[in-house]
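J.: Residue numbers (full-length UniProt numbering), protein chains in the order written: chain A, 1 to 778; chain B, 1 to 778.
Check before you lean on any hint, since a few could be wrong.
Since the list gives no way to pick one copy over another, a pair counts as held whenever it fits inside one copy or between any two copies.
[Stated by the list, open to error] Think about it this way: if two alpha-carbon atoms lie no more than 25 Å apart in a straight line, the pair counts; the simulated BS3-like pairs of lysine-lysine are:
| hint | residue 1 | residue 2 |
| --- | --- | --- |
| 1 | K105 | K611 |
| 2 | K737 | K519 |
| 3 | K103 | K611 |
| 4 | K611 | K298 |
Rather than coming from a laboratory, the hints here were simulated on the basis of the structure.
2 protein chains.
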Amino acid sequence: MDTSGYGNDNYESLHNAASDDELVDIIAGATLDFSITDDVPPLDPEYSLGHDAYTNGKTGNTKLMDLLDEPVPGVGTYEDFNTIDWVREKSKDRDRHREITSKSKLSTPALLESISDAFSGWLLMLLIGLWSGALAGGIDILAHWLTDLKEGLCLSGFWYDHEHCCWGSNETTFQERDKCPEWQSWAELLGGSSVGASAYIVDYLMFIIWALLFAFLAVILVRAFAPYACGSGIPEIKTILSGFIIRGYLGKWTLIIKTVTLVLAVSSGLSLGKEGPLVHVACCCANILCHLFTKYRKNEAKRREKYAAAGVSYYFPLKTLWRSFFAALVAAFTLRSINPFGNSRLVLFYVEFHTPWHMVELVPFVLLGIFGGLWGAIFIRANIACTYFSVLEVLVVTGATALLSFPNSYTRMSGSELISELFNDCSLLDSSQLCGYISSPDNSNTIPDRPAGPDVYTALWQLALALVFKMLITVVTFGMKVPSGLFIPSMAVGAIAGRLLGVGMEQLALNHHDSAIFKSWCSPGADCITPGLYAMVGAAACLGGVTRMTISLVVIMFELTGGLEYIVPLMAATMTSKWVADAFGREGIYEAHIRLNGYPFLEPKEEYGSKALAQDVMRPRRSDPPLAVLTQEGMSVGEVEAMVADTDYSGFPVVVCQESQRLVGFILRRDLVISLENARQRQEGVVSASLVFFTDHVPAQPTSGPPAVKLRGILDLSPFTVTDHTPMEITVDIFRKLGLRQSLVTHNGRLLGIITKKDVLKHMAQMANRDPDSILFN
Amino acid sequence: MDTSGYGNDNYESLHNAASDDELVDIIAGATLDFSITDDVPPLDPEYSLGHDAYTNGKTGNTKLMDLLDEPVPGVGTYEDFNTIDWVREKSKDRDRHREITSKSKLSTPALLESISDAFSGWLLMLLIGLWSGALAGGIDILAHWLTDLKEGLCLSGFWYDHEHCCWGSNETTFQERDKCPEWQSWAELLGGSSVGASAYIVDYLMFIIWALLFAFLAVILVRAFAPYACGSGIPEIKTILSGFIIRGYLGKWTLIIKTVTLVLAVSSGLSLGKEGPLVHVACCCANILCHLFTKYRKNEAKRREKYAAAGVSYYFPLKTLWRSFFAALVAAFTLRSINPFGNSRLVLFYVEFHTPWHMVELVPFVLLGIFGGLWGAIFIRANIACTYFSVLEVLVVTGATALLSFPNSYTRMSGSELISELFNDCSLLDSSQLCGYISSPDNSNTIPDRPAGPDVYTALWQLALALVFKMLITVVTFGMKVPSGLFIPSMAVGAIAGRLLGVGMEQLALNHHDSAIFKSWCSPGADCITPGLYAMVGAAACLGGVTRMTISLVVIMFELTGGLEYIVPLMAATMTSKWVADAFGREGIYEAHIRLNGYPFLEPKEEYGSKALAQDVMRPRRSDPPLAVLTQEGMSVGEVEAMVADTDYSGFPVVVCQESQRLVGFILRRDLVISLENARQRQEGVVSASLVFFTDHVPAQPTSGPPAVKLRGILDLSPFTVTDHTPMEITVDIFRKLGLRQSLVTHNGRLLGIITKKDVLKHMAQMANRDPDSILFN
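If we strip away everything but chain A, and leave its shape as in the complex, we get (with noise of 0.2 Å):
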C-alpha cells in the first residue's frame, strides 16, 4: 500500500482536522481510486456468506483460518517485566472451560476430565495450604532451634532447642521451667562455669559470633543464589497479583533460598519479623504446585488468583475468597500439628484482659495513634533513604545488633516474645520483672492496688533502653539484603511505647485517684488500668503508620490476639497513626518500595482529583510522530517487520485505512512478531512481498504472486476504547476496575491515540508531584 501520499500527514494535523469529521470524508473520497483499488466487491458471494454466518456469532470462516487453526506456539504468551491483559485472560480461561463441558457430554474419560478440572482448583489449594503450612512450621522450629543455639547446647540431643531440651528433665519446677542441666550455656560447655564475669564475656562472645556467622551465611546466599530472596517480598508480591510479570520472582531457587535464609535471619538476632517472607514463601508454592496443572500453568491470571489465595487477598471474585480461606484452614491445621507457638490456640499472642477500658483512656490511645503515625513517617522515609547495603554492612548492624542487645533481656528476647511478654495481663501467678508490683499482704487473692515495685522501675528503665535501640536498629534492618518483614519489629516498637504509656497512667491513676479525671471511674483499690492493652493499642498504631493499613489491620490485631472487644481503642489508635503519617506522606512502606522499583502498580484506593482527560495523557503526544499504526488489508509482510523494527511499542492497532483511521482491533506485537516468524518458516513460499491480511475475507489472489498470510486469528477484535473527552478519573477508574494494560482514544469514532497503563500511571506521578520517569516497566 503507497502510504506517500499522506506522508505529511502527520500526528498534529490530524489532530488539529478530528473535530472537523467531514473534512477527513472529503479526502477519503478524493482517493476513491485508491479505496476500490483495495476493496472487496461487495456483492462478492463468498463474502456474503462469511459475513452473514459471523453475525450469528457463529466461525463461517473458519476454513479461510486454517493456518491459524493450529495454534502458534509462543502466542498468547507474555514477556519478563510486562502486565498481563486480565480481561484476554479471563476470556481464555472461559473459552477453555467452555470447550471442557461442551466435550464432557460426549464421551466418559472427557467426563471424567472435566470433573477433575472442576477440583482441581480445591485440590491445589489443599496442597498449597499442607506446604506452605508445613514451611511455616518447619521454618518456626529451625529458628527456634537456632536462635537457642545462640545462648548454648542441649546435652541429651544437639538437635533440641532449650525449651524441648528441659522437658525431658525431671527436675524443673513451674518457676524455673527453663533451667534444667542438660541444657548448657557455651559458658559452661567451654569454661565449666555458668557463673561470673569470664562466663558472662564468653557466653555474650558465643552470641555475636553465631549471630554474624548466621547473618554472613544468609547474605552470601541470597546475593550467590537467589537477589529475587531478599526483603519482604510484599510489594513485589502486589505487583505480581496486580499483573505484572517478574519471571522467577516465585521460581523454585528463590523459595529454597528465602526458606533458609530466612530461618538464619530469624535466628541472627536482627530487628526483623517473618510474617511477610512468610507470604512469599505460600505464593512460591503456589506458583510451583500450579505448574502441576494445565489449567493454571497456561493462564497467568487464574494463577494470579491462587497467588492471592496463598497469599494477601486482592482483586478477586468471590470463590478465590472462599478458596484461600480453605487454603489458610489447612495451614492453620498443619500449623497446629505442628505446633510451634507451644500452645493449643491458632493465634499467636492469646489476649484476655479482665479490666474494660473508659471512655477518658481515650487520650492515652489517640497519643499512642500520634507516636505511631510519626514512627511510621520517620521509618518509611529514613527506610527509602538507606536501602542498599554490603556484605560488609549487614555483618556491621548484625553486630551491633548482638552487641547492644545481649545485655538488656528486653531486647535479647525474640520480636514475638517480647510482644507476647509487653501484652500480657500480670495474673498472680506471673514471674515476669514487669509484673513485680508490691502487692498487700491482706487480701492476696485479688488482683487489687497496683503499685509498682523496684523490680518494675527496673523494667521500665530496660524497655525505654530497648525502645530507642529498637527504633534505630528496625530502620537500619529493614533495607538489608535479607529476607526480612516488618512486622512483628513495627509491632514491637508500639508495644514497648504502650507499655511504658500504660504503668504511667496505672502508676498516675493509683496515686491520683481522687483527681478529678479518675474520681468518675476509678474508685480507690480498683485496678482500673490494663498496661497489656496500651501495648497492643500500641502496636496497632505503630503497624499502622507503616503499612498504612486500617481496616485490615484491625482484623489482624483479631486474628493475632483472638480479642473482639478492644474495637475502639484499635480503631481510634489506627485512624490518628494513619492521620499524623499521612501528613508527611501518602504511602505506606510498601507503596514506597513499588514507587522505588518503578513497578507499574494501580493502587487500589488511592484518591486521583485531576481535571485532566484522556486526550492530555494519551500517546502520541502533539510534537510526536503520528501513532504507528497497521491497515487491514494492504500491508506487506516487509512493511509489517519494518515497523516492528523501526518501534518498540507493545502493540499496534490496526484501522480499515490510514485515511479513516476507523479502529478494527489491536494486535500485540509479540503475537505479531511470532507470527510472521511462523509464516515464514511454515507457510511455503511466504516473502517480504506477501501481501498481511487482517480482514474476515482474504480476495483471491493471482497464482503469480506470493501467498498472502492472514492474522485475524491473533487480531483482538474487542479492543478497549474511551473518547479523547473522557475524564482521566474515569479512565484511571477503567484501568483500575478491569485491570486494563493499555486502552485506545478515539475521537467522533476515529482513532486518535493510545493509553497505556505506564501513561496513566507517570501522569498521577505527575499529578502527586512526583518524577513520572520513576515508572519503568509497563
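With chain A held as given, fit chain B onto it using these hints.
T.: Okay, now just chain B, sitting in the frame of chain A:
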C-alpha cells in the same frame, strides 16, 4: 437537514455494509455538496481558537455556552424506576469536590465550608448510627413488652415487661426468677386463679386474641400508609444499592410504618425475624439524614454509599467500609446502652462450648448441611408460589400460629429465645428441660456421662413437633404483607434439627462407646459430643440454604455467637447446604424475589458462560427499524421533538452525520426534553424550525433566522463503547464493574447499536432458560 435521500438506509442495509467501510466513505464522498454546505470552513479563526483551547483541557468555549452555565433545573436527575449512571454520578461528585477545594484557598468561609464538607460524611455516619441504633433498641424493648402483654400484665406498672416487672421483686429466687407476684397472667387478672383448666383456657384465648389484634393492626397499617414497608426489604435494598431508583422506598412514611408494624408483627408471635427489616429501617434513617447534607442530597451515588454503610456492604470503596464500620460501632454502642439483650455482651447468642469437635463428627455436620440445603430449596419454591395474602389470610395464619404455638413451650417462646436455648451447652446450673440429664451422684462436680433423663425425651418430642410446625408456618409467613425477616425463623428450623441430631449422636456415643466409630476418641465417662454445637451448625446450614450466602454467613455466625473455634464445622455444613440447594435452583431467596419483581439487578457473582457477542444482544435487532440517532448539527427543534415523541428510549446517541454514523456522544431523554422545554420558554425566538447544535462551535446565523439552541453542555462526550465482536462475558463484566446503564456498540468505528442493562439482564435470563420478559424495569 434533509435526510430523505437516506430514508431507505435502514438498519439492515447499514448492518450489511458495516464490514465494508470504504463503501460508506464513498457515499460520504458522493454527498460532498451536502457536507460542505453545513460544514464549518476549516480556517475559521474562531474555530481554531476554540479547538486549541479545548485540546489543552480548558473550557475556551464557555462564551458559546452562556445559556448552559446556569444549570437547567431537573437536568441530571432521574425518573422513578430507572437506573442511575454510576460513572456520571461519581464525576459529578468529583467536580463538586474540586470546586470546593479550589475555592477554599480563596477565603476563610470557603475554607470552613470545605472542612465541614470533608467531615460531613463522618457526622452523617454518627447520626445514622445513633438513630438506627436507638430505633433498633426501641423496637426490641417494645416488642418484648407487647410479647409479654399477650401473657399477662405487670401490676407495678403496665409498661414493664415480664422480666423488668420481676426485677423489683424481692421474693424471686434464682431458680424462679420469672415468677413474682407483681406479674399476673390474664387468667389471674380476669378469673382470679392461675391454675386449672379454665385458667389455661383463658390464657390461651387471650394469647390468640392479642396475636390477632397485633397482626390485624400491622397489616392494616402497611396497606393504608406504606405498602413499601412490607416484607424484609432486602431484595429492594440490594437493587437500590446497585443503582435503581424506587422513590419513597426509603422515605419517612416507610420508616414510621415499618418501625411500628415490625414491633406489632414480631409481638403477634408470627414466625418471622426482625434482622432484615432492621436493615431497611437503617437505610431509611440514612436516606432521611442524607437530605440534611447538600453533598448527599444531590448525588445518588454518594447517597447509596451511605445506605450501604447503614445496611449491607456491597460494591463500595474502602472509605465507605471504614465508615460503615464506624456507624455499626456507634449503633452497637447505642444498642448496648439500651441493652435489649439483657447481657453486657454485644453478641446475640453468646456461645461457649466445653468440648472440641472431632473429625468423625463432620459426617453429621454434612448431614445437617444436606438438610439445610433441602429446606432452602423447598422454602424458596413454596415461598415464591404463595406471595400474595389478603388481610383475612394474615389473620388466619396468625390465628393458626397462636393456636398451635401456645401449647408447646418451644414454639411459644420467641425465635431468638429458642435459638439461645438450643445453642446452649448444658452447664450444671442449667434448669432447662433439655438439660435434664441423669447425673450420677458420685461425681457431681464434673460433667461426665450424660444419659438422657425423661425430661430430655419429653423435650425431644416437643422439639420434633416444633420442627414440623416451624417448617410449615415459616413458609406461609414470609410471603405476608407485613415486615418480616427470615434469619431467625430459618435459623430456628436448623437449630431444632441440629439439636435433635446432636442429642441423638450424644446418646449413641454414650451407649456405644466401644464401637469402632467412637472407640478412638470417645472414652467411656467422657462427654464427647456437644449438642449445642450441632444446633449452631444446623442453624447456619438452613440459613445458608435459604440465602446462599457462604463466607458472609460464617462471618455472621461469628458475629452472632462470638465463637471462633468452629470454622470447619460451619464451613462444611454451609458449603454442603449451598451445593444441595444449588442443585434445585441457583437462586437464593433474595435473588428469587428480585426476579419475581422484575428489578434490574446484575448479580455480582453469577457465573455466565455464553458464547454470544455484543452484536447478538444489542438493539436494534436485524429486523428492527434503524437506531434512533441525533446528528450533531442540522436537526431542528421540531425534528428532535418528533423523534423523542415517536420513541420511548431513555437516551439517544449523537453522531457526526447519518451517513458516517460516527459517534460524538450520548444524551439522556430526560435531559434533552427538559433542556428543549427550557429553551422554548426562556430563550427568545426559539421555534420548531430553530436548529439544534451539539457541536462546539455554532456557525454565525443570519440575523433573520430563528436563533439556534446549543446543547453541547448536556451531551455526554465520553459514552461507553464496546465493539460488536466483544464477547458478552466481557460486556457483562464491564457492566458489573463500572455500574453502567448502557453501552454503545460500534463496528470499525461506526455506531451500530446500543446495549442497556435491561438488554444484558434479558439476555442472561434467556441463557438461564428463564423468561426474558420478567425483567420489567430499565
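J.: If a hint holds in the structure, say so; if it does not, say that too.
T.: Evaluated hints:
1. Only between protomers do K105 and K611 lie at most 25 Å apart by alpha-carbon distance; the minimum there is 17 Å, versus 54 Å within a single protomer.
2. For the homomeric pair K737 and K519, neither the shortest alpha-carbon distance inside one copy (54 Å) nor that between copies (55 Å) is at most 25 Å.
3. Taking the shortest Cα distances, K103 and K611 sit within 25 Å of each other only across copies (15 Å), while inside one copy they are farther apart (51 Å).
4. For the homomeric pair K611 and K298, the shortest alpha-carbon distance between copies (21 Å) is at most 25 Å, but the shortest distance inside one copy (40 Å) is not.
Hint 2 alone, counting from the list given before, is not met by this structure.
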